[in-house]
Every structure is written in structure tokens, then in C-alpha cells.
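Respectively, the protein sequence lines represent chains D and G.
Under the working numbering, think of the first position of the first sequence as 1, with each following residue one higher.
Under the working numbering, think of the first position of the second sequence as 94, with each following residue one higher.
Calculated from the structure, these hints are not laboratory results.
Everything numeric in this text was worked out from a predicted model, so none of it was measured.
Treat the hints with care, since some could be wrong.
[To be verified] DEER-style ranges, computed between Cβ atoms:
(1) M34(D) with N137(G): 40 to 46 angstroms
(2) T18(D) with G106(G): 31 to 37 angstroms
(3) I168(G) with V21(D): 20 to 26 angstroms
Virtual Cβ for every residue (Gly too), placed ideally from N, Cα, C.
Number of protein chains: 2
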Amino acid sequence: MAKAKKVSLLERGQRTITAEVGRIPIRSTLDQSMTVQYAEQLQNLVALARSVIRDTDPQNDVITLGVCSKSDEIIVATGEWVLAVLQHPFLSA
Amino acid sequence: MAKAKKVSLLERGQRTITAEVGRIPIRSTLDQSMTVQYAEQLQNLVALARSVIRDTDPQNDVITLGVCSKSDEIIVATGEWVLAVLQHPFLSA
């Protein structure tokens, strides 16, 4: 099963960015400019999502954020760190 | 299977909002003030997600947006209309 899983991740063109909250990314499989651009934009998106959540429940917090578009899927896990995974939404045929 | 599915939706406290893009909501299972607040905030969130997506690919667009928090899950489907579904992330025990 592990091999099949690894193949499916690679086929979905998975790229990852790890960053400390509100800071410059630490690790990324994207080039430098894309990494900095995505890291900043995704942290703004998480901050806006957090404000939406906390407007109704100040004790609540965002755990994950997902954006599915026509050609990409972005999943952001938040906490002490921010981990963003970018991948194609569907396995290539 | 249909009954089990219906039960699981109700147990997850599902609430929905339908709105024309950029306009006041048309249908909602939430009260008026919560509906207007969520509709506006979620459309801002979709707009920001759209700008993140289109910065790298102007032809691309957001299909769905999901925010999972400690106590709620918000799923927004975009297109001609905006449909937002709010539910508890896990089935109540």
C-alpha cells in the first residue's frame, strides 16, 4: 500500500511549504519567489479565516483551510507552524 | 443508506446559506444577522482565495473553499451562486 500511496502523491505533483506562523518559510519544494509569495498570501488567508471563525466564537481557531480550484488544490494546516500542500486535485489519467 | 446519510447530516448540525455572488443571501437556515455576517465574510474569504489562485494562473478559479476549526467546518462552493454549508466536523458521539 505504501508504494501505491507514494506513487499517487508524486502523480498529483505535490509541493509543500513549511513556515513559522507570520514568518518567512523554512522549508519548501517550490522556488524561492513562489515560496515567499504563497507563504505570505496563505497566511493572510488563514488570518481572514480565523477572524471569520472567531467573530462567532472567540475561543475557536482554524485547524485546516482548503482551497480547491480548477487545476490545483491547496491545503493549509495551521498551529505553531503553517504547512501548506499544493497538489493537483485529481490523479493524472 | 439514504436514512443513515440524512441522520448523519442532522447529527452534524448542518446549516446552509445560499447567496448570489456579491449580493445579499437568498436562502438560509441561520437567523438573519448571522446569515448576513457569514455571507459577507465568506465572500471576502472566497475573493482573497481567488486572488491567491489567480496570482499564479489568471485563468484559474476557485471551486470550493473549506475551513475546519475546532468546533465547526465551513464548506463554500462558488460559481454563479455561493453555497455555504456549516457543520460540526465530527459526528456527535
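Status of each hint after checking the structure:
{"no.": "1", "hint": "M34(D) with N137(G): 40 to 46 angstroms", "in the structure": "violated, 25 angstroms"}
{"no.": "2", "hint": "T18(D) with G106(G): 31 to 37 angstroms", "in the structure": "holds, 34 angstroms"}
{"no.": "3", "hint": "I168(G) with V21(D): 20 to 26 angstroms", "in the structure": "holds, 24 angstroms"}
Of the numbered hints listed earlier, the single one contradicted by the structure is hint 1.
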